[in-house]
Amino acid sequence: MRAIKAGVIVLILSFLACNNPTENIKLVIDTDIIKYTAMIQVTDAQTGSQAPGNASIAVVSSNAADVYEISGKKDIKLVQGMVTIGLHPNTVPTTPITVTVEVAAPGYVTQRKNIIFNTEVKQQIVAIGISKIGNTAPPIVTPPPLTYQEVSLNFTGRCPNRADVEIRPSVYVSFRKNGSTEGFKYLGYMDKGNISTNLLALGETYNFQIVYGGESYTVTQKIEQTSYNLSIDMTAACNF
Amino acid sequence: MKLLAVALSLLLPPVISSAQNNADTVAKRPMAMQLNVGTQGIGLAFNYEVINHLSFRAGINAIPLKANDVFKISGVNSTSNVSANFYNIHFLADYTPFENQEWFRLVGGLAYFLKAEGNARIIPSDDYKYGDLTLTEEQIGYVDLTVDWKGLAPYIGIGLLRNFPKNKFNVNLDFGTYYLTKPDADIVGTGILSGNSSQSEQLRDNIKNYRWLPILQVNFNYKF
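Line by line, the protein sequences give chains B and P.
Numbering of the first sequence is given in our numbering, commencing with residue 255 and proceeding in unit increments.
Numbering of the second sequence is given in our numbering, commencing with residue 846 and proceeding in unit increments.
Here are some of the chain P residues that sit facing chain B, going by a computed Cβ distance under 8 angstroms:
| no. | residue |
| --- | --- |
| 1 | Y975 |
| 2 | S1039 |
| 3 | S1043 |
| 4 | L1048 |
| 5 | N1051 |
These are computed hints drawn from the structure, not numbers from a lab.
For glycine and all other residues, C-beta sits at the position ideal for the given N, C-alpha and C.
Kindly generate the complete structure, drawing on both the sequences and the hints.
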């Protein structure tokens, strides 16, 4: 009986048409599992350049078990001085939760920083400047970035091993001018693949970077109009 | 003149019938109730011969069907709940073109589909890991695909076996097709699948030619 019912449905829904109804339809996966996040950007306090490649970060507060990298991994590591951490998806900080991270790098003074999660702020940027041992110079003050007209970027994450899957990333995005030797600067939080920003100048070419799952993914785009659809590989989001 | 007679007989069948009884000069036109079963579900129709070789049917049909696990997404282990709900009122003309071949009819007409929906809910069935986290069913979510053909649809087909019983009962067949309105389609997702609504446009494009609803139907007729 079940087979007959299924057959009738298939017959009705097939309607003598030849093409496959699911052709070119992709499975879209969101990454906004971890709702309360903080992007940590570690720099050399005196130069403002990105932290040395061998800098490490650890969650040292007693609630460390509740803290994950934004990809859901327990392994939290800096990539080009950046990492995004967040609370377990079932943890809602109705009373503020303080997480302490410790950044260490050979030749630098180890530094601790408290990050406070609460329900008012789902995303936050935490800058940590580390100083070389014995360096007493004051920290460099980075001027605020220049602003331009609003530009909308729509990112789609690709899975190199799954052409039928698309990732709709909810992550922090950094940027720098193409060819620049400076470190990446924070651009904004991309919500379900979309970010609007006024930090991009018309006519300039930029590298955009996502740090996710311990990997860095970049894409380059020249800005000549007010909206772009960009594809970016996100292999670390494809392991399901 | 013939057309006028048809129109009058449609509008005033009881009157004509009465006149016929009174005059008793013209044979009474057959009429029958029809119970049908087929790909448009189960239905009822009233069948009336308005002139020789031409009869009209007016009726309703309904097909509420559900089935599980007939739809899969490649690469994702999932369960699916599929349903089809088609409800129509129809008006058909049966024409017997050959005097001595009463077993064969040409059939044409119109239906209005009050509801003509296909739905599929696809639910991933595995435990899904996000990094080191195991997602709950609610966090994973599901995907609903809905296709809607509601509206007017012309019908063309053939009928086999006698239209009206010689005595009280008979069985005959219909083979044909409705040409449905261009379908509307939507994909709605929840949880980590909520972004799949972006695929609605592609689904609409894929099924824009899914408009032929084949009809294979057995009719059980009672003449009165």
